[in-house]
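Visitor: Take the two lone chains, each set in its own frame, and fit them into one complex as the hints suggest.
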Amino acid sequence: MNYLTSNQKDIAHSIPIDIVGYKSDMFGSSDNTSDTSGYKIFDKYILIHVPDNIESYDDYHRNFIIQLNDILPKNSLEKAVVEHGQLIIYIKKKDILKSAKLLRDKITLSQCVSVTAIHYPINKDRELHIVYEFKSHTSNRRLTVIVAIPDADKHITSLYAIYPSVDWHEREVYDMFGVIFDKHPSLTRILMPDDWEGHPQRKDYPLGGISVEYINANIPPPDKRRKYNG
Amino acid sequence: MDNIYLHGQDIEKLDNPLFNKLTINMGPQHPSTHGVLRLVVDLDGEIVRDVKSIIGYLHTGIEKNLEFRPWTQAVTFVTRMDYVAPLFNEAAYVLSVEKLLDIKVPTRANIIRIMTMELNRISSHLVAIGTGGTELGATTVLTSAFKDREMILDIFESITGLRMNHAYYRIGGVARDINDTIIQDIRKFIKTMTKNLKDYESLCNGNPLFKKRTQGVAYLERDGCLQLGITGPIIRATGLNMDLRKSNPYCGYENFDFNVITNNMCDAYGRYLIRFYELVESLKILQQCCDNITPGPVMIEDKKIAWPSQISIGSDGIGNSREYIKHIMSQSMESLIHHFKLVTDGFAVPPGYAYKPIESPKGELGAHVVSNGGTLPFRVHMRDPSFNNLQAVPAMCIGGQLADLVVAVASIDPVMGGVDR
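Residue numbers (numbering that gives the first Met the number 0), protein chains in the order written: chain A, 0 to 229; chain B, 0 to 420.
Hint data in this document are derived by calculation from the structure and do not stem from the laboratory. There may be inaccurate statements among the hints.
Claimed, not checked - Subject to a maximum C-alpha distance of 30 Å in a straight line, what follows is the list of computed DSS-like cross-link-like pairs (lysine-lysine): (1) B:340 / A:182; (2) A:153 / B:63; (3) A:182 / A:22; (4) B:103 / B:51; (5) B:63 / A:22; (6) B:63 / B:283; (7) B:103 / A:22.
What the hints assert, rightly or not - Now the stretches of chain A that chain B is said to cover, found in silico as 3 or more residues with beta-carbon under 8 Å: (8) 81–93; (9) 101–108; (10) 135–144; (11) 156–167; (12) 183–192.
In this text, all values refer to a predicted model and were calculated from it rather than measured experimentally. Ideal Cβ positions, reconstructed from N, Cα and C, are used throughout, including at glycine.
The following block holds chain B by itself, in its conformation from the complex (with noise of 0.2 Å):
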């Protein structure tokens, strides 16, 4: 049979029993559908007979830009690409390129780096959770979980200047120091987010509504989860114990004191669970980082690398600090030379290719670097664990109700910057 295509007012229609398949187009414009991710569905009834994902609405280049700029600037694009979790890509970015350079980063920088990253995986965990409950109608966990990631944000800020897309990483360490009142404010948040924990347990975990809507959706066994390569959440709602902050520790994490959590259920309520239980997880990193932080260098020595200044912020944003500038400006010329060289030329970094994957929130996120030697990255290439578990959406949903669709979609949470990059 031929295609036919019907309008709106067709509807009628469609009670003609010739009429057993129906394509529908989901998105790129859907609210639920996490950004612009298209979803072309075969319908039969209510029952999904066919999916296919369609991306590329979100496709901006950055692989592409990152070739033309020096080393240190592509940190300001790799942050754009997965933006729920920006600091995740720029640590995987910089830790390949550390890797090439074969350099160490200070201490205090790692516990820096690991704290931000435990405060950003709890921020894209909550939006996680935020959405996904409010696509299956409950609204007040999205607003909830939105008031706690304002904490975040707002410790971010304080830190990076930024609520998003920091650009704080910097290859050899981190763009600005923090003091002890951030570590204070942690401090606060860790308490507070302790308590509104229970929130979240008497929202989701128990109510038998959500319970419903998630239990046995989504199945997708581990086979099936190694075959489609899934990571993250996802393989750990099978029962797979695999973390890479463990198994293949980066930053200092092996110093950290943390489980991984698994379960066996292979649905979109096991993932939730995975996904709430790691807030716990990162909150008792987080206060481990508060505890052992020591006063140090946040950049390596190597002064043909390490970045001149320390970013400070002003009334008007962020900014090199008054006191550099000044240092730079009217007391010391070689200073300035300095500067602008490794500013405006960068430095080379020796030919070769590396591959560091770290544990996003989502799963492995790892950049292919690529150096012939010069000042300009060769090659980037970022994989995103988004754009791979984006795969599983077929063996997740065929079989299902349309209804379900979303709930694996969320259960995903895919972010389209990271897909499409």
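The shape of chain A in the complex, shown without the other chains (with noise of 0.2 Å):
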């Protein structure tokens, strides 16, 4: 698992890094001071995607990176990460139409099959990450490209004009997060009723459960139950 205790996570890093939990080993206490060592180790951010040297990577993937950085626009790849045999690149959110034209016609992707949203709360200006998944009949290929843009400006231009499968998948994600695709033909509510207000998917968003009420006993609804530290 990789984590950054909260001494490391000040240190500016040149590959952007997306937190996605935290944690606090043992020794908690009621006060916001969880940690008791004196020296912050113990509470750790948790990390996902933390790209490894490109050499650690099979002959395939780090032709398909290597041949990627040469066919994207300058400096518009963050990171590229291999996980579970699984290609992950991070886009910069200006290059994204550009490169999911170069993606489409340089490397024949040729259909963009899903997109969808995660919403890390505690990542500070990474918030969203929209994810895409591309792939190739031709070559049999597949690439997942993430975006990542902060929750204080939810815009990301759409990419209708590229692959108009996009269509329904863009208006899902701005339902449920709220997030803008710019130029985006008809960008309503697909699956929430029209006059609806919150973005459902959202970690702010609360579940809204009712509890369950038995004779002498009541279950609190899901969000509301005891939690277990994992």
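Guide: Right, here's the structure in full:
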């Protein structure tokens, strides 16, 4: 598991880091300072997608990353990670439309299979990750592209002009996360009613369960139940 | 011109040439829209000028609910998404989580998964063929398709205890082993089904009425399919050899001998033929499963992840087996602790993101699964093929007849449970 302690977190990194969770190991106390060591070494920030040295990846993925680095606009590739045999690249927000066109035309990623988003409230300035899944029929390649955008500026260019299939997927991401896809032809709610308030898949949106009542017993809704620390 | 709203008694006014565009609403409670799909159709006489599909009437927030329950319990939720092919939802989710955990499932569990998935593929295709037939007015197709599907549901009942919404796959294996009686049942089913396939052949394949209603209808070529992200039988009916069981094998499909069915018809008839011949291929795979299955465990060895008990089916339904309850309640306190630790707390999954697509009867089905290292999923999103394929309705229908709209929707075979989730 990749993690950072509180001290390391403030060190500037050249490669953007993505924090997905926070864990304070043992010695927890009721006040805010759960750390009893005095050196903040028990507070851990859990990281996702920390790239290895490119030499440690297998040939196929190494060549793929080199090829992508050549093709994509300059400095648009933030990081490239191979996890569980799956290549994941992070692209800068401003380059996504240009990159998608190049991915389609230069390396025959003919379908954009799926678009979704993930909300990491703890990941400052990179709270929302927009995930694109591409696939190629001619070379049987797959590629995951992630664009990290800040919660304060939830705008990203729609890929509708390049891949018309993203139409409904982007509407769903808008519906569920409030991400605004610029230049989308009809960005309206798709699953929730038109007059719904809030965006349900965001982490700050409550589940809104009701408790189950028995005689002499009361089972709280799933989001209010006791938490276990995995 | 402003919109003019007409009521039923004003129907004579439609003769007025001013009303050359009529917008009608079809659904969400319409018998031939496959559930709660709503279509808003602009008509010029009988010609469809524009069509919008509106979804969301069956949205149940399954993905949000998953974030508040342990990894294992999520299977019970995802199985309710595409309820005609429940085992595929479970497989997509379970395979993605297994990818995150980096675990390998025992061979017998994989063969059981393939067996149940292929049975499920047959039942899903039968629903597609049957309901598609009845929407054209051929009710006999529906009755024979549902009669054959009943046999599969009976087999499912004997394997999982339930006819739908099985929650049968577990992370690391399956919930219950199968016995020889079930394999004999499946062999019997293969024989009966092979015989019954001739019924469909004579009812539909060469039927001039059926062909007239479906040939050249809902035409969508390969480039259109690729742009709209279409997968499954629709894209195979354009001649593209695209089947994830062959191109990205999972669960050990690479060890099985079967063909990917394609044709170049691009229309509703072509899609019907694809589904029909896939029934034959699925039966072939089932036969190989029955021949190749070997005894062995159906759950991984790793006690930190493996579900401690096997489900058994008693007279009052499914539950933990009697011997197991006896074991944890009166023989081994450590087993009891272990059981409750796994059942209430669950296991932690290393942080990461995984997407493992599988070939569901409708196309590419995949689960985006994100973990932040905890015992609950951080985010799960299902890429449902019906959701994506429904985008093709306007491309298939505009310029055609109103009656062909129903054929187009039937040929896409959407299941709204999967579309809205």
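Visitor: Determine which of the earlier numbered hints do not hold for this structure and return their numbers in increasing order.
Guide: The structure breaks hints 1, 3, 4, 6 and 9; every other hint is satisfied.
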